[in-house]
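Residue strings, one per chain:
Protein chains: 2
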Amino acid sequence: MKTKDNKIPEATIKRLSTYVNYLGRLGTDSNPVISSEILGESCQVSPAQIRKDLSYFGEFGVRGVGYDTKKLEAEIKDILGINHSWPTTVIGVGKLGQALLNFDFFRNHGFRIIAAFDSDPGKIGARITDEISILPTGDIEKTVNEKQISIGIITTPADWAQDVADRLIAGGIKGILNFAPIKVKVPDSIILRNVSITSELDNLAYLLTQKKRQ
Amino acid sequence: MKTKDNKIPEATIKRLSTYVNYLGRLGTDSNPVISSEILGESCQVSPAQIRKDLSYFGEFGVRGVGYDTKKLEAEIKDILGINHSWPTTVIGVGKLGQALLNFDFFRNHGFRIIAAFDSDPGKIGARITDEISILPTGDIEKTVNEKQISIGIITTPADWAQDVADRLIAGGIKGILNFAPIKVKVPDSIILRNVSITSELDNLAYLLTQKKRQ
Chain A
0 MKTKDNKIPE
10 ATIKRLSTYV
20 NYLGRLGTDS
30 NPVISSEILG
40 ESCQVSPAQI
50 RKDLSYFGEF
60 GVRGVGYDTK
70 KLEAEIKDIL
80 GINHSWPTTV
90 IGVGKLGQAL
100 LNFDFFRNHG
110 FRIIAAFDSD
120 PGKIGARITD
130 EISILPTGDI
140 EKTVNEKQIS
150 IGIITTPADW
160 AQDVADRLIA
170 GGIKGILNFA
180 PIKVKVPDSI
190 ILRNVSITSE
200 LDNLAYLLTQ
210 KKRQ
Chain B
0 MKTKDNKIPE
10 ATIKRLSTYV
20 NYLGRLGTDS
30 NPVISSEILG
40 ESCQVSPAQI
50 RKDLSYFGEF
60 GVRGVGYDTK
70 KLEAEIKDIL
80 GINHSWPTTV
90 IGVGKLGQAL
100 LNFDFFRNHG
110 FRIIAAFDSD
120 PGKIGARITD
130 EISILPTGDI
140 EKTVNEKQIS
150 IGIITTPADW
160 AQDVADRLIA
170 GGIKGILNFA
180 PIKVKVPDSI
190 ILRNVSITSE
200 LDNLAYLLTQ
210 KKRQ
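Those protein sequence lines, which keep their order, are chains A and B. Taking numbering that gives the first Met the number 0, the leading residue of the first sequence gets 0, the next gets one more, and so forth. Taking numbering that gives the first Met the number 0, the leading residue of the second sequence gets 0, the next gets one more, and so forth.
This is chain A alone, in the form it adopts within the complex:
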């Protein structure tokens, strides 16, 4: 597969995620082939954009026919690196952490949650699934190291996030998805993504305010 990695816009990766999500929800039995028009309409992207996004990674589909649904899904999963399982942990088993632990997405995609941590002694030992019970945050480093966990999802309050990130990194984590409403500092070798619900809401408020003031 040809890739020109440095040139691939983040927006393309986001759209690939949307495409593969949609393809996964589509019944492949009744839709063995999908056109870029149909895929585009469902994902609210122009057919030309879809073709451009895919062109970064090679040749897909047959002109005038469309894409083999199952094959395209597998190919995008391969591009995104979700064609295999990433050992994942959630730290902070509040409501948001619980939401993620119960999130169907993980079961259907390339993320397997194999450990969960909390600092509340009242929660430690509680069973999440057959596989997982909640461990104390003091065990993060050891567990991440022993279980070779790649991805850490931080859903703690802001004040705990940096300490948790430091422990994950000490254990050898590769990537962090941070939901805590604070910037955590990580070395350049760690891939960090922030999901800031507060920032999205603030942005929404800003845009609504601008509209009002117009």
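Watch out, some of these pointers could steer you wrong.
As the list claims (entries may be wrong) - Short, incomplete list of chain A residues facing chain B, as computed with Cβ under 10 angstroms:
no.: 1; residue: Val32
no.: 2; residue: Ile37
no.: 3; residue: Ser41
no.: 4; residue: Lys146
no.: 5; residue: Ile175
no.: 6; residue: Leu191
Treat the hints as calculated values from the structure; they're not laboratory data. As the structure is a computational prediction, the values presented were derived from the model and not from experiment. Here a beta-carbon is modelled for each residue, glycine too, at the ideal position from N, C-alpha and C.
Following the hints, put chain B in place on chain A, whose structure we already have.
Below, chain B alone, put in the same frame as chain A:
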């Protein structure tokens, strides 16, 4: 306040949200004044960037002294439009919806959740707070209209999101924050923001995969 709205990058708005969040967490009694250096270090932004971000909206702070912490917080809240309360509703009281309903952020910021909806008959009528009990999704249009709700937060499964969005819009909603892993269609008059947890995870997987392949 001078604003050159069309030129303000989204990244600036995101950073303003980070600044105001940090300022709100800072004890103003012990920190009546803050320098752009300290604010920058805490938010992982250069002092020059902070000054540039603020310069879109006027003159702030005193050269060589810094910003009045409380005043800067109030001014950024004014810019973002979170200096007053946005009537907000959450639709879909699963784990993620519950997380948002319990989210401290709403209590501290300009978002007041005044209604919650779910389609599960077993949940309807359940009390969330003294003010709110869960209403059936069939009541969305009427409630949004009667209570003049501005912002709708969709935390339903993908298959319900479009229906819920349509009901919100019919009721007169102004902005939507969509957590459902699907693109919802809204008219241009509605401000829509998507928080795609799946897309962030896919992006993390992609970046980790690229690193491995290097």
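Consistency of the hints with the structure:
1. Nearest Cβ of chain B to the Cβ of Val32 (chain A): about 22 angstroms, over the 10 angstroms cut. The hint is violated.
2. Violation of the interface hint for Ile37 (chain A) is found here, the shortest Cβ-Cβ separation to chain B being roughly 14 angstroms, above the 10 angstroms cut-off.
3. The restraint placing Ser41 (chain A) at the interface with chain B holds, with a minimum CB-CB distance near 8 angstroms, inside the 10 angstroms limit.
4. At about 16 angstroms, the closest approach between the beta carbon of Lys146 (chain A) and any beta carbon in chain B exceeds 10 angstroms, and the interface hint on this residue is violated.
5. The interface hint given for Ile175 (chain A) is met, as the beta carbon of that residue sits about 8 angstroms from the closest beta carbon of chain B, less than 10 angstroms.
6. For Leu191 (chain A), the suggested interface contact is upheld, since its CB lies about 9 angstroms from the closest CB of chain B, less than 10 angstroms.
In terms of the numbered hints stated before, the structure departs from hints 1, 2, 4, listed from lowest to highest.
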